[in-house]
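One line per chain: the protein sequences are A and B, in this order. Residue 1 is where the first sequence starts when you use this note's numbering, and the numbers rise one by one after that. Residue 1 is where the second sequence starts when you use this note's numbering, and the numbers rise one by one after that.
To be clear, the hints were calculated from the coordinates, so they are not data collected in a lab. Hints are supplied without guarantee of correctness; some may be wrong.
[Said to hold, decoys possible] DSSO-like, lysine-lysine: derived pairs with alpha carbons at most 30 Å apart:
id	chain 1	residue 1	chain 2	residue 2
1	A	K100	B	K166
2	B	K110	B	K74
3	B	K74	B	K9
4	A	K122	B	K74
5	A	K122	B	K9
6	A	K100	B	K189
7	B	K98	B	K123
8	A	K42	B	K153
9	B	K110	A	K100
10	A	K100	B	K123
[Stated by the list, open to error] Here are the simulated distance ranges between beta carbons:
id	chain 1	residue 1	chain 2	residue 2	range
11	A	N94	B	R62	18 to 26 Å
12	A	D11	B	D23	55 to 63 Å
13	A	D96	B	S67	17 to 25 Å
Bear in mind that the values here come from a model prediction, so they are computed numbers and not experimental data. By construction, the Cβ of each residue, glycine as well, lies at the ideal position given by its N, Cα and C atoms.
Below are the chains, spelled out letter by letter.
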Amino acid sequence: MHKNISSSQHDAVVCVIQANPIVQKQLDVLLAYLDSPILSFKSSEQFLQLCAGINVGCILLDGDQLGDDSHCLLDELSRMGLSRATIIMAQHANIDAAVKALQSGIADYLEMPQPDRVLLAKICQVMGDFRSVDVGKKS
Amino acid sequence: MKKDNTADKPTVFVVDDDEPVRDSLRMLMRSVGLNAETFSGAAEFLAAYDPDHPGCLVLDIRMPGMSGMELQDKLNEMHAILPIIFITGHGDVPMAVKAIQYGAADFIQKPFRDQDLLDRINKAIEQDASNRAQLLETRDIEERLSNLTPREKEVLELIVDGRPNKVIAADLEVSQRTVEIHRARVMDKMRASSLAHLVRMVMRLRNPS
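Construct the entire structure; sequences and hints are all you get.
Structure (structure tokens):
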């Protein structure tokens, strides 16, 4: 896990789950515009191992790394009360995957690329809508 | 409009401007014993819409006049709970995302396998039955609550907040015996079998979802 920006522990954190280092770098630059701490994870497994205690504000999840067992991760996020904080970003988006993800309760599913301002606005909207959850308490 | 003749049986309402599609869906529903009503457009469906009729709506997106998405907006404005399954031959990801975010139960692309659609329809009908049962229960609790006097409602709120009789008596500046009488009446009028049951009923109204 790489902590890009440090901030008060009470600030809601943007968690980026992204396997592609190039996309990760682009997101680092873009998310620096947000006044929020950012934590990066290379995989959803790593996120699930380390997320306890994080004051999650938004999860940016790489939709392209989700396999046939994506429902397991989506169910887990739902169980932890984090679905409404989750935005899936997919370069190879498809309707069935989008519908399944949204039916699980996630906040949004974005077909990438999106203009920077659109992505930032979506993140801010989700962070505003989602009441930050202490994952450690929920699980 | 074409309809099968059954009263309260769940109905699959099909709205599609393409007649062969309507007919084939109608035959498909019949083949598995499902009741179906078909409509050639959104306006025709709205004219016949009965919010008390259970089932689900299979809705085409692209139609002349009011589109499927516009009909969804209209039904949302009417606080309709009928689950919607969108079907489209020209869908894209943003369209599917918007439909689900606005409350659609499902979104499926043409051509689809019959069984795939039937599975989604059965799921939507189950969801509709569950939503309606919850709605009925909520209305029933609201009706019981409406029989309480203002004082009994005050006592109920304090009971649900976990205050003991002694504290309620002090808060309301009445005797503990008076609180006990109010409490007994609240339990009776709310038809609560226990304190936990009473709390569950009130929480249902506070958090309807």
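Status of the hints after comparison with the structure:
no., hint, result
1, A:K100 x B:K166, "violated (52 Å)"
2, B:K110 x B:K74, "holds (24 Å)"
3, B:K74 x B:K9, "holds (24 Å)"
4, A:K122 x B:K74, "holds (25 Å)"
5, A:K122 x B:K9, "violated (42 Å)"
6, A:K100 x B:K189, "violated (44 Å)"
7, B:K98 x B:K123, "holds (21 Å)"
8, A:K42 x B:K153, "violated (54 Å)"
9, B:K110 x A:K100, "holds (17 Å)"
10, A:K100 x B:K123, "holds (14 Å)"
11, A:N94 x B:R62: 18 to 26 Å, "holds (20 Å)"
12, A:D11 x B:D23: 55 to 63 Å, "holds (58 Å)"
13, A:D96 x B:S67: 17 to 25 Å, "holds (22 Å)"
Checked against the numbered hints above, the structure breaks hints 1, 5, 6, 8 and satisfies the rest.
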